[in-house]
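Trainee: All chains, full assembly: derive it from the sequences and hints.
Protein chains: 2
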Amino acid sequence: MKEEILRMLCTHRGSYVSGAALATQLKVSKVAIWKHIQALRGDGYSIESRRRRGYRLIAAPDLLLPYEIGRELQTKFIGRKIFHYWEVNSTQKVAKELAMKGAEEGTLVVAETQGAGKGRRNRSWYSPKGGIYLSVIMRPEMSPSRASLMALLTGVAAAKTIREIYGLKAELKWPNDIQIGDRKIGGVLIELAAEAELVNWLIIGTGLNANIKKASLPREFRVTTTSLEEECGRKISRVNFVRKFLERIEQLYLIFKRRGEAPILEEWKNMTNTLGAWVRVEDGETIEGKAVDVDRDGALIVKLADGTTKRIVAGDVSLRRKRCGHTA
Amino acid sequence: MKEEILRMLCTHRGSYVSGAALATQLKVSKVAIWKHIQALRGDGYSIESRRRRGYRLIAAPDLLLPYEIGRELQTKFIGRKIFHYWEVNSTQKVAKELAMKGAEEGTLVVAETQGAGKGRRNRSWYSPKGGIYLSVIMRPEMSPSRASLMALLTGVAAAKTIREIYGLKAELKWPNDIQIGDRKIGGVLIELAAEAELVNWLIIGTGLNANIKKASLPREFRVTTTSLEEECGRKISRVNFVRKFLERIEQLYLIFKRRGEAPILEEWKNMTNTLGAWVRVEDGETIEGKAVDVDRDGALIVKLADGTTKRIVAGDVSLRRKRCGHTA
Numbered sequence: 001m002k003e004e005i006l007r008m009l010c011t012h013r014g015s016y017v018s019g020a021a022l023a024t025q026l027k028v029s030k031v032a033i034w035k036h037i038q039a040l041r042g043d044g045y046s047i048e049s050r051r052r053r054g055y056r057l058i059a060a061p062d063l064l065l066p067y068e069i070g071r072e073l074q075t076k077f078i079g080r081k082i083f084h085y086w087e088v089n090s091t092q093k094v095a096k097e098l099a100m101k102g103a104e105e106g107t108l109v110v111a112e113t114q115g116a117g118k119g120r121r122n123r124s125w126y127s128p129k130g131g132i133y134l135s136v137i138m139r140p141e142m143s144p145s146r147a148s149l150m151a152l153l154t155g156v157a158a159a160k161t162i163r164e165i166y167g168l169k170a171e172l173k174w175p176n177d178i179q180i181g182d183r184k185i186g187g188v189l190i191e192l193a194a195e196a197e198l199v200n201w202l203i204i205g206t207g208l209n210a211n212i213k214k215a216s217l218p219r220e221f222r223v224t225t226t227s228l229e230e231e232c233g234r235k236i237s238r239v240n241f242v243r244k245f246l247e248r249i250e251q252l253y254l255i256f257k258r259r260g261e262a263p264i265l266e267e268w269k270n271m272t273n274t275l276g277a278w279v280r281v282e283d284g285e286t287i288e289g290k291a292v293d294v295d296r297d298g299a300l301i302v303k304l305a306d307g308t309t310k311r312i313v314a315g316d317v318s319l320r321r322k323r324c325g326h327t328a
Numbered sequence: 001m002k003e004e005i006l007r008m009l010c011t012h013r014g015s016y017v018s019g020a021a022l023a024t025q026l027k028v029s030k031v032a033i034w035k036h037i038q039a040l041r042g043d044g045y046s047i048e049s050r051r052r053r054g055y056r057l058i059a060a061p062d063l064l065l066p067y068e069i070g071r072e073l074q075t076k077f078i079g080r081k082i083f084h085y086w087e088v089n090s091t092q093k094v095a096k097e098l099a100m101k102g103a104e105e106g107t108l109v110v111a112e113t114q115g116a117g118k119g120r121r122n123r124s125w126y127s128p129k130g131g132i133y134l135s136v137i138m139r140p141e142m143s144p145s146r147a148s149l150m151a152l153l154t155g156v157a158a159a160k161t162i163r164e165i166y167g168l169k170a171e172l173k174w175p176n177d178i179q180i181g182d183r184k185i186g187g188v189l190i191e192l193a194a195e196a197e198l199v200n201w202l203i204i205g206t207g208l209n210a211n212i213k214k215a216s217l218p219r220e221f222r223v224t225t226t227s228l229e230e231e232c233g234r235k236i237s238r239v240n241f242v243r244k245f246l247e248r249i250e251q252l253y254l255i256f257k258r259r260g261e262a263p264i265l266e267e268w269k270n271m272t273n274t275l276g277a278w279v280r281v282e283d284g285e286t287i288e289g290k291a292v293d294v295d296r297d298g299a300l301i302v303k304l305a306d307g308t309t310k311r312i313v314a315g316d317v318s319l320r321r322k323r324c325g326h327t328a
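Protein chains in written order, with our numbering: chain E, 1 to 328; chain C, 1 to 328.
Certain hints may be false.
Quick list of the computed label-pair ranges, beta carbon to beta carbon [unchecked claim]: (1) Thr308/E / Glu141/C: 43 to 53 Å; (2) Glu220/E / Leu304/C: 50 to 60 Å; (3) Glu87/C / Lys213/E: 51 to 61 Å; (4) Thr308/E / Lys257/C: 16 to 26 Å; (5) Glu141/C / Ser216/E: 33 to 43 Å.
Residues from chain E that face chain C, not an exhaustive set, calculated with beta carbons under 7 Å [as the list claims (entries may be wrong)]: (6) Pro140; (7) Ala147; (8) Ile190; (9) Glu191; (10) Ala194; (11) Glu195; (12) Ala196; (13) Glu197; (14) Gly307; (15) Thr308; (16) Thr309; (17) Ile312; (18) Val313; (19) Ala314; (20) Ser318.
If you're looking for bench data, these hints aren't it; they were derived computationally from the structure.
Cβ coordinates follow ideal geometry from the N, Cα and C atoms, glycine included.
Mentor: What follows is the structure, encoded as structure tokens:
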């Protein structure tokens, strides 16, 4: 209902819409309309009201509402169907449930804040207001062994979007971090259901620190993370970011389907900070070496001190750039 | 309740258990006990009843009841928890739901008959009484790219069990068929939920034509399939097969965890009918060539007529053995 009212106010932006007209259109009482207007003001909308003229939208907060994202979205299928939540346990969880029920490819789940946001390996993902939390349902006809490529593809889409809109040098740390300099600004989580050789559905999850002030972060994150607001020195339009990001994902996904992994890996290599770096990888055991390449499935190839190479499929990577000069 | 009564009758096999004793033990009326005894007779149990002495189990049908399978099962974790269904839509579906709710590794779902049994790619799996339909929940710490190896492992377990108990030359057709000669006797279905690099849970599904008469099959299956009963010329003990099969799966799985894919692939290669054969693979496009190897992820390597090789991850394979002499 709130959204219906907003849609009408937006349509007549600049002019007044009478409470009576809203009430008639939406088949509720004028008092009900007034209550929803109050709720919208509570959400941050600035709405003027005048006797005998009605309501007028003055300014909208930057909310990821379906009709905000959808209005100028240049995609064929991603984000054509949007589920928006003011608060949700996790967009990823909602998207998985929708996928199981048969939701179509491109369905987007987006939330203003998450109560139990998730990162890789069931780690929690701190999700205050101002961040961007979204999950997209995909149904690629591919083997589950290709899922890591979808993580790299999503990272490329995020980094390109950040570079283009804000001119910031976003970089990608294998396997799924988006960084500015040494600080994490976002992450990607891919989850899937599959048969041994065929993906049934695959969820692209992304969390991004957009309009979040460093001072508002828990102490333990302040050194290791940053946000678009901190890097730009101003609040950014989350709606605009989401639109461009979805467009990039779709574009890269269509390229991936048509031409395979090579163009995706090439773009990834151009934006990663991991290749060429001395890395430590933790995955049960710990190994150190120089990250020299990624293979066609997105696995990281690390050259150890003894000259042998190791193929890393999963793990947590930390960069040890200073030691890089000491090795080949 | 039926199961509790059966358990007591089995414990006192050969002698009588009074209706009063059963009623007291199970905290129901003697009439209720009598009704359950009637139901058990309906299931095929032969139970004698005598005035003043009670009930005595004469013969049990070959049902896959938890305490039948569990009684002599030599495993550490597979089949330690069993969900048995007289009829179910699909054991795979039930197992997936249990896995999502956190069921532990090794949990077995087994059914006497399935209303909507599933094969690969959502194909239906004909599931009359007398067959074996089971799903095992696994939680391997591995990449989803290794899922195909679990399919091969399960096939090896099934073929070895058939060879050992019945002396039949069971063979494996890539990727997931169990055959006797040119006829299919069973199949494997692997389904999983995962992050890009890490399996969350993985379900091993198997359907096997055990005590099914060819004449009872739909006409279209009679030429292409067979059953243990047809091949052995007598009904076999399904309970015994399931026990040995679960033991084999566990044994191979522990080897796989400890030593990797090499020993599994070696056993698979010894029992496949696909390597060395001229094959046609359908997966969107159709290719023909000689199947020469499987790689470390279980993908099939096919040598085409022009001498190039192709790596097949998914697809339907048909064998063209007669043409084999013309190639390589």
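Trainee: Minimum Cβ distance from alanine 147/E to chain C below 7 Å?
Mentor: Since chain C brings a Cβ to about 4 Å from alanine 147/E, closer than 7 Å, the hint holds.
Trainee: Is the shortest C-beta separation between alanine 194/E and chain C less than 7 Å?
Mentor: holds (6 Å)
Trainee: Grab the minimum C-beta distance from glutamate 197/E to chain C and call the hint holds if it beats 7 Å, violated otherwise.
Mentor: Hint on glutamate 197/E: holds, closest Cβ of chain C at ~3 Å, below 7 Å.
Trainee: Next item in the hint list is glutamate 191/E. Is there a CB on chain C closer than 7 Å to its CB?
Mentor: holds (6 Å)
Trainee: Is 50 to 60 Å right for how far apart the beta carbons of glutamate 220/E and leucine 304/C are?
Mentor: holds (56 Å)
Trainee: Please verify that hint: glutamate 195/E, Cβ, nearest Cβ of chain C, below 7 Å or not.
Mentor: This interface hint holds because 6 Å falls under the 7 Å limit.
Trainee: Mind checking the CB of isoleucine 312/E against every CB in chain C and telling me if the closest is under 7 Å?
Mentor: At about 9 Å, which exceeds the 7 Å cut-off, the nearest Cβ of chain C leaves the hint on isoleucine 312/E violated.
Trainee: Against chain C, run the beta carbon of alanine 314/E and see if the smallest gap drops under 7 Å.
Mentor: holds (3 Å)
Trainee: When the nearest CB of chain C is found for valine 313/E, is that gap smaller than 7 Å?
Mentor: Since the shortest Cβ distance to chain C is 4 Å, the answer is holds.
Trainee: When the nearest CB of chain C is found for alanine 196/E, is that gap smaller than 7 Å?
Mentor: At 4 Å from the nearest chain C Cβ, alanine 196/E passes the 7 Å test, so the hint holds.
Trainee: Restraint: threonine 309/E near chain C, CB-CB cut 7 Å. Satisfied or not?
Mentor: violated (15 Å)
Trainee: State, for the Cβ atoms of threonine 308/E and glutamate 141/C, whether the hinted interval 43 to 53 Å holds or is violated.
Mentor: 23 Å Cβ-Cβ, so the 43 to 53 Å window is violated.
Hint violations for this structure: numbers 1, 6, 14, 15, 16, 17, 20, all remaining hints satisfied.
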